[in-house]
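S.K.: Given next are the chains, with one letter for each unit.
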Amino acid sequence: MSLEIRNLHACIAANGTEILRGLDLTVEAGKVHAIMGPNGSGKSTLSKVLGGHPDYEVTEGEVLLDGVNILGMEPDVRSRAGLFLAFQYPMEIPGVSNANFLRAALQARLPEGEELEATDYYARLYEKMDMLEMDRKFTARSVNDGFSGGEKKRNEILQMLMLEPKYAILDETDSGLDIDALKIVSSGVNAMRGPARGFLVITHYQRLLDYIVPDVVHVLVGGRIEHTGGKELALELEAKGYDWIKDDIAQAVSA
Amino acid sequence: MSTELLESTVQAKQIDIDRTAGNFSYPEQHTFDAGTGLSHATVDYISDVKNEPDWIREYRHKALDVFFSKPMPTHWASHDLENIIFQNIRYYLANGQKPTRSWEEVPDDVKKTFERLGIPEQERKFLAGVEAQFDSEAVYSNMKKALGDQGVIFVGSTEGLKEHPEIFRKWFGKVIPTGDNKFSALNSAVFSGGSFIYVPPGVKVKHPLQAYFRINAENFGQFERTLIIADEGSEVMYMEGCTAPKFETATLHSAVVELVAMKGAKLQYVTVQNWSANVFNLVTKRAIAHEEAEVKWIDCNIGSRLTMKYPGVVLKGRKARGEVISIALASDGQHQDTGAKMIHAADETTSNIVSKSISVGTGRATYRGLVHIPKHLKGCKNNTECDALLINSTSRTDTYPAITVRGTGNSSQHEASVSQISAEQIFYMQQRGLTEAQAMSLSVNGFVNDLVRQFPMEYSVELKRLIDLEMEGSVG
Ligand SMILES: Nc1ncnc2c1ncn2[C@@H]1O[C@H](COP(=O)(O)OP(=O)(O)OP(=O)(O)O)[C@@H](O)[C@H]1O
Ligand SMILES: [Mg+2]
Numbered sequence: 001m002s003l004e005i006r007n008l009h010a011c012i013a014a015n016g017t018e019i020l021r022g023l024d025l026t027v028e029a030g031k032v033h034a035i036m037g038p039n040g041s042g043k044s045t046l047s048k049v050l051g052g053h054p055d056y057e058v059t060e061g062e063v064l065l066d067g068v069n070i071l072g073m074e075p076d077v078r079s080r081a082g083l084f085l086a087f088q089y090p091m092e093i094p095g096v097s098n099a100n101f102l103r104a105a106l107q108a109r110l111p112e113g114e115e116l117e118a119t120d121y122y123a124r125l126y127e128k129m130d131m132l133e134m135d136r137k138f139t140a141r142s143v144n145d146g147f148s149g150g151e152k153k154r155n156e157i158l159q160m161l162m163l164e165p166k167y168a169i170l171d172e173t174d175s176g177l178d179i180d181a182l183k184i185v186s187s188g189v190n191a192m193r194g195p196a197r198g199f200l201v202i203t204h205y206q207r208l209l210d211y212i213v214p215d216v217v218h219v220l221v222g223g224r225i226e227h228t229g230g231k232e233l234a235l236e237l238e239a240k241g242y243d244w245i246k247d248d249i250a251q252a253v254s255a
Numbered sequence: 001m002s003t004e005l006l007e008s009t010v011q012a013k014q015i016d017i018d019r020t021a022g023n024f025s026y027p028e029q030h031t032f033d034a035g036t037g038l039s040h041a042t043v044d045y046i047s048d049v050k051n052e053p054d055w056i057r058e059y060r061h062k063a064l065d066v067f068f069s070k071p072m073p074t075h076w077a078s079h080d081l082e083n084i085i086f087q088n089i090r091y092y093l094a095n096g097q098k099p100t101r102s103w104e105e106v107p108d109d110v111k112k113t114f115e116r117l118g119i120p121e122q123e124r125k126f127l128a129g130v131e132a133q134f135d136s137e138a139v140y141s142n143m144k145k146a147l148g149d150q151g152v153i154f155v156g157s158t159e160g161l162k163e164h165p166e167i168f169r170k171w172f173g174k175v176i177p178t179g180d181n182k183f184s185a186l187n188s189a190v191f192s193g194g195s196f197i198y199v200p201p202g203v204k205v206k207h208p209l210q211a212y213f214r215i216n217a218e219n220f221g222q223f224e225r226t227l228i229i230a231d232e233g234s235e236v237m238y239m240e241g242c243t244a245p246k247f248e249t250a251t252l253h254s255a256v257v258e259l260v261a262m263k264g265a266k267l268q269y270v271t272v273q274n275w276s277a278n279v280f281n282l283v284t285k286r287a288i289a290h291e292e293a294e295v296k297w298i299d300c301n302i303g304s305r306l307t308m309k310y311p312g313v314v315l316k317g318r319k320a321r322g323e324v325i326s327i328a329l330a331s332d333g334q335h336q337d338t339g340a341k342m343i344h345a346a347d348e349t350t351s352n353i354v355s356k357s358i359s360v361g362t363g364r365a366t367y368r369g370l371v372h373i374p375k376h377l378k379g380c381k382n383n384t385e386c387d388a389l390l391i392n393s394t395s396r397t398d399t400y401p402a403i404t405v406r407g408t409g410n411s412s413q414h415e416a417s418v419s420q421i422s423a424e425q426i427f428y429m430q431q432r433g434l435t436e437a438q439a440m441s442l443s444v445n446g447f448v449n450d451l452v453r454q455f456p457m458e459y460s461v462e463l464k465r466l467i468d469l470e471m472e473g474s475v476g
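Going down the list, the sequences are from chains L and H. If you're matching positions, the first sequence starts at 1 in this note's numbering and goes up one per residue. If you're matching positions, the second sequence starts at 1 in this note's numbering and goes up one per residue.
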């Protein structure tokens, strides 16, 4: 069981600019992989391409979710197949309450004709909200509408806890969170870790990885994975920055 | 404004309306059939069949002359009005004479729509024109008895003018005079059907009165005429229509609704209408609110080729309050030209207008408002909000708020917004597992949610289902 990305090339559909340039990465169920990398290297693009965002066009490669190529699927089909994306910049949906939104998302996973049981749903929702120390008033508020940066990130994790995906991609979930929130959110993620679930955690800061300890750390530069290591790689990057990896690439190219 | 008009003419020609959607064929054998075309003979015919008193016959004849003398209001309204061919229209079909067709003849997509909307079997048959009358006589007569004990009158307009002339005549045509506009004149000449309601002083009618309970062919007619009088300190809510599409053969519908709220009365009028895409729906609705009275129009317009409807309140007494809450859904090829009129004519009167429109495909929603607070009044307030949501890049909306507030101590607050559901929002919702259509529905329902909550429960549920259906159709 794994989320397997093979030689992925993707460009911006509007102008053909290639952003992902032959990316290989496999997240096995039960593992946490972290991705670090300079601004603009393609981390968010990778997550959106995996989700099926219409702004990007895949020109080459495959993405296999437990062996099934998901690239031809609509974004909602991928979601229901078990892929979850916690966005770097979550969208605001005015008028749609958080509770109704999650309810619709869960309802969409049930077979035709089956109704989500309301009392069970709210019991579960409240349980997860308590876990994330979210005030009950967030159930009635419109999705992310007027939420602070940190509240939005917490709300992404709430959705993940409710939807129980097989593979979750967290794009800079830590940015915008205060120290306490970071611990709370991390424990929410850790509670979901298990043999049946894989995580891809995108971050700029080693600090998050103190709480969500990764099995593997990758460095994404210029649309490719240029370096892979253990959790100590994050510490090394924090100390040395990315230049040494870029230098390595330059040397490899000129050699 | 003139380029605007030009544009709309061009648009009207480009719009490809499916004129077959509401077209059923049926054997024509009506005993009481005024034939097609409009003349003084038509008016006499209607008056004869209805066996009406002379005053109303004269009223009709005069109205017809006014209708003939008035030009089409195309200097401000859609030029699509020019496509109405008055001589090809049937102006009267008597009660019980409505054409019938068999359920087998009803097209499958129509049946499917009824099913998806969860319309009960019996109602489906009526709505599809299979049955001319609902089997709701029992419900109606029970209600009628309970109301009658309180002195409430709830009858058809013809019965009203014959049986209760002392009340009917006093108010009929006073809120909306014959010559108010070309279509109110037309209605005054050929009206049939609609309701007459009188609520005596102090009586608070608990349950909403629904036209629904006394639906018959005439009641759902083309030229309904409704008159409601809420006497001093009384309260009543009236509901008409339903969200199910009505499959009409008649292409012109022109109703007139007059409301009178006497001192301290509370009157609410709720309309939910969904016309088939071949219908011109040109309606005049107005209320007079006396001292400390409250009138609220709740209006939902769906379907039709062109709807023109601007419910109004004349705030005639001190501290009177008027409100218009409206939702318009303009689908492909449709034009919803709706809005509100608030005429402040006394001190300390307040009015509130909240209008939300959704345009889908080549649909077009126009908001037209008129708020008038003259200089000599004191302490008047108006609040106007109009929000438009555009679903596709071909959708269109325009706003014409005409607000004149003069004098000191009077105020008006006006907010308007146009929004679109962004591709990013749709992606976000799809990433959580909703299909594109579900994502659209959820956003659209979210957009109108605060207004829908003001509708009676059964309507809000139906509305939600209807929006779901529309959104399914709007995405590939
Ligand atoms: N839809 C788009 N239109 C134009 N440019 C885009 C689009 N999406 C991504 N890009 C560009 O592609 C590059 C990669 O962007 P991406 O958001 O994936 O970077 P990132 O690695 O997530 O950076 P950060 O660490 O700052 O979040 C950037 O140069 C960005 O400007
Ligand atoms: Mg990013």
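Be aware that one or more of the hints could be misleading.
As the list claims (entries may be wrong) - Lysine-lysine pairs mimicking DSS-like chemistry, simulated, CA-CA at most 30 Å apart:
#, chain 1, residue 1, chain 2, residue 2
1, L, Lys-128, L, Lys-231
2, H, Lys-62, H, Lys-170
3, H, Lys-263, H, Lys-144
4, H, Lys-464, L, Lys-128
5, H, Lys-50, H, Lys-111
6, L, Lys-137, H, Lys-62
Unchecked claim - Counterexamples of contact, computed for chain H against chain L with all Cβ distances above 12 Å:
#, residue
7, Leu-38
8, Glu-58
9, Lys-112
10, Gly-433
Unchecked claim - What follows is a set of in silico ranges between Cβ atoms, one per label pair, in the way DEER data are often shown:
#, chain 1, residue 1, chain 2, residue 2, range
11, L, Ser-175, H, Asp-108, 24 to 34 Å
12, H, Val-461, L, Val-213, 16 to 26 Å
13, L, Leu-71, H, Pro-208, 52 to 62 Å
14, H, Val-461, L, Tyr-122, 49 to 59 Å
15, L, Gly-146, H, Val-461, 25 to 35 Å
16, L, Tyr-205, H, Lys-111, 28 to 38 Å
None of these hints come from the bench; they were simulated from the model. Keep in mind the model is a prediction, meaning the values are calculated, not measured. For each residue, glycine too, the CB sits at the ideal point set by N, CA and C.
S.K.: What are the numbers of the hints the structure violates, in ascending order?
M.R.: Hints 5, 6, 10, 11, 12, 14 and 16 not satisfied by this model.
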